[in-house]
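Student: What follows is the residue order along each chain.
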Amino acid sequence: MDSVLERINKNHFWKFPGGIHPPEQKFLTNDKPIKNLRLPKELILPLKQHIGNGGELLVKTGDKVLKGQALTRSDNPMSVPIHAPTSGTISAIKNSIIAHPSGMSELCVFLTPDGQETWVARNIVENFYSLSKKNIVEKIADAGIAGMGGAGFPTSIKVNTSPGLKYLIINAAECEPYITADDLLIREHSSAIINGIDILNHLLEPEIILIGIEDNKPQAIAALQAASQKNDKIKVCVLPTKYPTGGEKQLIQALTGQEVPSGVLPLSLGVVVQNIATVFSISEAIINDIPLLRRVVTVTGQALQKPQNVWALIGTPIQHLVEQCGFNETEQQRVIMGGPLMGFALPTLQVPVVKTTNCILAPTNIEISPASKELECIRCGQCSDACPSSLLPQELQWQAKAKEFDKLEELNLFDCIECGACAYVCPSQIPLVQYYRVAKAEIRHNRVQDFKADRAKLRFEARKVRLEKEKVAREEKHQKALAARKAAAKTSEGQANNSAIAAALARVKAKKAQGGEAETTGIDSSVDGGDVKSRAAQAIARAKAKKAAQQTTSTPVTVESDSKSQAAAAIARVKAKKLAKEQAAQAASEITEEIVKPEVAKSKVAKSKTAEPEVVKLSPADEKKAKAKAAVAKAKAKKLAKEQAAKAVTEITEEAVKPEIAKSKAAKSKVAKSKVAEPETAEPEVVKLSPADEKKAKAKAAVAKAKAKKLAKEQAAQAASEITEETVKPEVAKPKAAKSKVAEPETAEPETAEPEIAKLSPADEKKAKIAKAITKAKANKSSVSKPSSSISDDDKKKKISAAISKAKAKKATATINKEESE
Amino acid sequence: MEILISILVFGLLASGFGALLGYASVRFKVEGDPLVEQIDALLPQTQCGQCGYPGCKPYADAVANGEAINKCAPGGDDTIKKIADLMGVEVQPLDENHSVDNTPKVAFVIEEDCIGCTKCIQACPVDAITGAAKVMHTIIADECTGCDLCVDPCPVDCIIMIPIKQTPETWQWDLQSIDVVQID
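For the record, the sequence lines run as chains A and B. So in the working numbering the end of the first sequence lands on 1187, straight run, no missing numbers. So in the working numbering the end of the second sequence lands on 202, straight run, no missing numbers.
Pairs of lysine-lysine residues, derived as DSS-like cross-links and limited to a Cα-Cα distance of at most 30 Å, are as follows:
1. A/Lys1001 to B/Lys137
2. A/Lys836 to A/Lys855
3. B/Lys152 to A/Lys836
Keep in mind that the hints were calculated from the coordinates and are not lab data.
For reference, chain A alone in the conformation it holds in the complex:
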């Protein structure tokens, strides 16, 4: 230790390996004082300007804010707040491109200054020694101070350590060839900086404070030496100019001779390094209670007429900065944030100055030539000579190109500080740093992925264990129940010498038989129309019809004209459609005019009976029901679509239809009257009938979705065959039917059916009825993969569509009847 201090006292410092001497360009800006800029029209303040997380917003659009008012807050120590750099109005809070090489957007607060510069109430402490250390750290955190040298690490974390450091190092090296911001700041505000150092001294109580500064800033050195005379703990250490002396680890090595090992923080060596601009901000925050609102930015480059250091408010658009310095935009103009060696070209000039922005470089193309073509590595080894971290850049480069990430880590890629010295010396002009950055990003990404994969694995395993447990528990329960049943069976049927298994079998059989009976009776009752259960029975019948439709083979249709009901005609139409699918034109032509005529004529009477009562009853159904039913409808449509085998289409024989028709009318009218709506028939109706437009829309959307899915799953082409003209014509020919567009050939595409429903929505009751019919029809039809779209806007149409739906229900029961008769 003594020898180290002795060496320091003798100004006899160490060397770090490598390093380069790029041509100095500091003369562009180091002879002019820091200029105050006029207020920009708008300030853009990214919520996150440092390493860590952004805070949560405290303001909203339209709020008036005062200068120095905090705009975000956070309980997370890795997060520092941002402040309003001037008074004004929050004009927007939205995503905007941030100062990041990716050119991506992040959430930013847009502040329109009012020019008043009205300060928020400040609490200036005369003597900071009166504050507790905790208070000071808090104040530093509240002032939003994050490392201003480039990395943006929250300063409050860095200074919140137990006292007893060996070295506090103040980094004033500023080694990038263009940047003079720290130089000018020291010259103009050396006493404030020394105050800041005093505060840090008070907090950290280091044994010695070293200010590392390169020998190319004589005026700054003189200013610091003059200001630091009172405090003999402070030692201004003048180092030879070499890039990258300003690197944290390099500066520590140059000043103390200690190399910071890989993966170790300087703190563990008893060293804390603070950038000098950060120290100035600390002084402002503690002594004047001014949060971090502005910083010195070197605006330089030969594309500017007046390159200069400026006081830029955080959030000032770069455009404003360069314009103030006489920016002449040239062709292929690049504007670089940061120095030429470590900075990045900005995606746009609308990005704002952030807490880590120390330089804006607008070079001409002669000054910094655009990237030239990369040549093969000639293995000259200059890069490893230049590397300040003693890495092997050329090997890293090969492995990075080969994406050998394990080897890259073995070669300590993560010790690379991306200083760019290797790329600078490379005679083949290989952009080495870029390869490292890409590789680093990918390795980090892989780490995150691995972490996620591990978690997923754990969760998967845990789930498996849980499922296993549940299964065992279930089995146990079943076994217990079985045992209980056995015992019960034994006691109740004392004499029965059947074994328990036999009994169980018998029970199962009995159940089955019962179920079958119930179904048949149900159907019967629905047909008779006298049973109260008729609705449920109908549902079962329908379900069966669907199934049957998939299994049974088709029989040709020869429907005779039935003068009684329009329903019959509707059935005929349905059949015609189905038939068309199978046998296209010929079979369909079998349907005669007679079928159509009577139907149209009589439709009025029958329809009014069935449709209206239902409407009346169902309309009051409340919102939730409607929604739930819509969902059920959706689910069913989906299920049906899955089940159906599109091709097998069955036709209903005449015999089956006739008796059924006669009975079904009576049955239906009863169904409609009885209060409890049976889910299958009711759902679509309710959906359509519910008064609120919104819900209707929702239901429709649901139907549409279900259909879309169904459609995708179907084998479109064959099943969707069109109804031939022959089938259609007869209907159209009749005067009455002509008006209704019912008979228009349908394309059999679910999508087309949908818009039609939508069109009808304005008409309340009619629409409702029609929609009901359609949905019903569709649900049924989905088994044959073709929704009917027979819709019209007048009464008859309405009725006809209702008839279709009815007919289907009947058809279903008919199928059952047929089955039974067989």
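Given the coordinates of chain A, work out where chain B should sit on it, guided by the hints.
Tutor: Relative to chain A, chain B alone:
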């Protein structure tokens, strides 16, 4: 006599080594197949089942027993290459039956449409969906592996897969976009 001696010596040696091996096989017995663990570690653990096995571990098991190594769609060519390295077999292109789109995605429940049927919860291999019967479900995005398995069971199609957005933190440097050059 010499023959007897040599037989005796070799017999002793053989029984000695045999005993040693027997002891070692008991003492240093390895539970499970270490190869399966290694393969499992290479798989992306999305538990998506696209390989035809109910999870990554079962597939790893199958691969160790001779199943094709090119069935992991989310892992893509990288994973195939790694498994090939580990197993000492040829790298194969991804099985054609499997989708090649392995952009990271995360499932999202369209909450207005959710009916609370819990079907997706049952389908999720990593328990990344919360909810209960008849209440809205939602996806824990951080735990979602983007496996897609919840999409199909949904009766109302309210689950969609959203590609994960890039943020400046997850951004991958692109060689073209970097523009820092030497100065001379």
